[in-house]
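For reference, the chains in residue letters:
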Amino acid sequence: GNSVTQMEGPVTLSEEAFLTINCTYTATGYPSLFWYVQYPGEGLQLLLKATKADDKGSNKGFEATYRKETTSFHLEKGSVQVSDSAVYFCALSASNYQLIWGAGTKLIIKP
Amino acid sequence: KAGVTQTPRYLIKTRGQQVTLSCSPISGHRSVSWYQQTPGQGLQFLFEYFSETQRNKGNFPGRFSGRQFSNSRSEMNVSTLELGDSALYLCASSLDPAGRETQYFGPGTRLLVL
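As given, the protein sequences belong to chains A and B, one line each in that order. Everything in the first sequence is counted per this note's numbering, starting at 1 for the first residue and increasing by one. Everything in the second sequence is counted per this note's numbering, starting at 1 for the first residue and increasing by one.
Worth flagging that the hints you see were computed from the coordinates, not collected in a lab. Where is the CB? At the ideal position from N, CA and C, for every residue including glycine. A couple of the hints might just be wrong.
Taking lysine to any residue and the SDA-like style, the derived pairs with C-alpha atoms no more than 20 angstroms apart in a straight line are [to be verified]:
1. K106/A to E52/B
2. K106/A to P39/B
3. K49/A to H29/B
Beta-carbon label-pair distances, calculated as ranges [unchecked claim]:
4. Y39/A to Q44/B: 38 to 44 angstroms
5. G1/A to Q18/B: 42 to 48 angstroms
6. Q54/B to S79/A: 42 to 48 angstroms
Non-contacting residues of chain B with respect to chain A, defined by C-beta distances greater than 10 angstroms in every case (computed) [to be verified]:
7. V4
8. K13
9. T14
10. S31
11. S33
12. L43
13. P61
14. N77
15. L90
16. E101
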C-alpha cells in the first residue's frame, strides 16, 4: 500500500540555519507529492508540490525535488526564520482520492 | 476567492451525543474530503465526495458518516460520540475530479468530547 515516512521531530535550529526535513514514500504508480505546513492553532496550508519525477516544487524559500529513484521528497530551506516554526507534513496523492500523510515534523526556530 | 470554511470552529459534546460538522468548499470545487487529526494518530482520511457521491472511505466505524449536497457543501456526522472522537476535523476541497491535485484545507472544527 501507499505510505509516507518523514523524520521525527522536533527539529530545533537557530535562525538562518539550513533546514532539511526528510520524506520518503512508498506508492504504486506515479503519485503527486506535497508538503503542507500547519501553524499553531490553524489548518493546513499547501507549501509546495510536485506532480512528476524530477519536478522541483518551491515556495517562500522552501524547495523539494521529486526523486523517483530514491522515492524521496526532502524539504529544504537555505536560511530559516523564527516565523518558519510550525509543523510540516509530507503527503502523497495517488489515484484513490485521498492524501496519505506522514506523521509530521515539528520545527522550532530559535532567534 | 473565499477559502474553505468550516462551522462550527469549536464544539463541546458529551459521550453518547451526536454531532454534525459543516464544510463549504472553494467556489467551483466539487471534491470535498474530510480528515481527522489527533496527537496520537496524526492525520487520518475519513471520506471523499465528488458530485454528491462518496468515492472513497477511510477505516473508521460506521458512526462516522458524511454527505455532500448539490452545491458541493458537505456535512459529516458522528453519532454516539466517544471520548476518542475528540480531535480536529479538517475539510479540504479540490478542483481536480481525478483526486490527484492540490487539496485546500479549512481551519478545522475542534471537537471535544467529555
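Structure-based check of each hint:
| no. | hint | result |
| --- | --- | --- |
| 1 | K106/A to E52/B | violated, 36 angstroms |
| 2 | K106/A to P39/B | holds, 12 angstroms |
| 3 | K49/A to H29/B | holds, 19 angstroms |
| 4 | Y39/A to Q44/B: 38 to 44 angstroms | violated, 21 angstroms |
| 5 | G1/A to Q18/B: 42 to 48 angstroms | violated, 32 angstroms |
| 6 | Q54/B to S79/A: 42 to 48 angstroms | holds, 45 angstroms |
| 7 | V4 | violated, 8 angstroms |
| 8 | K13 | holds, 21 angstroms |
| 9 | T14 | holds, 24 angstroms |
| 10 | S31 | violated, 7 angstroms |
| 11 | S33 | violated, 7 angstroms |
| 12 | L43 | violated, 4 angstroms |
| 13 | P61 | holds, 18 angstroms |
| 14 | N77 | holds, 19 angstroms |
| 15 | L90 | violated, 6 angstroms |
| 16 | E101 | violated, 7 angstroms |
When held up to the earlier numbered hints, the structure conflicts with 1, 4, 5, 7, 10, 11, 12, 15 and 16 and fits the remainder.
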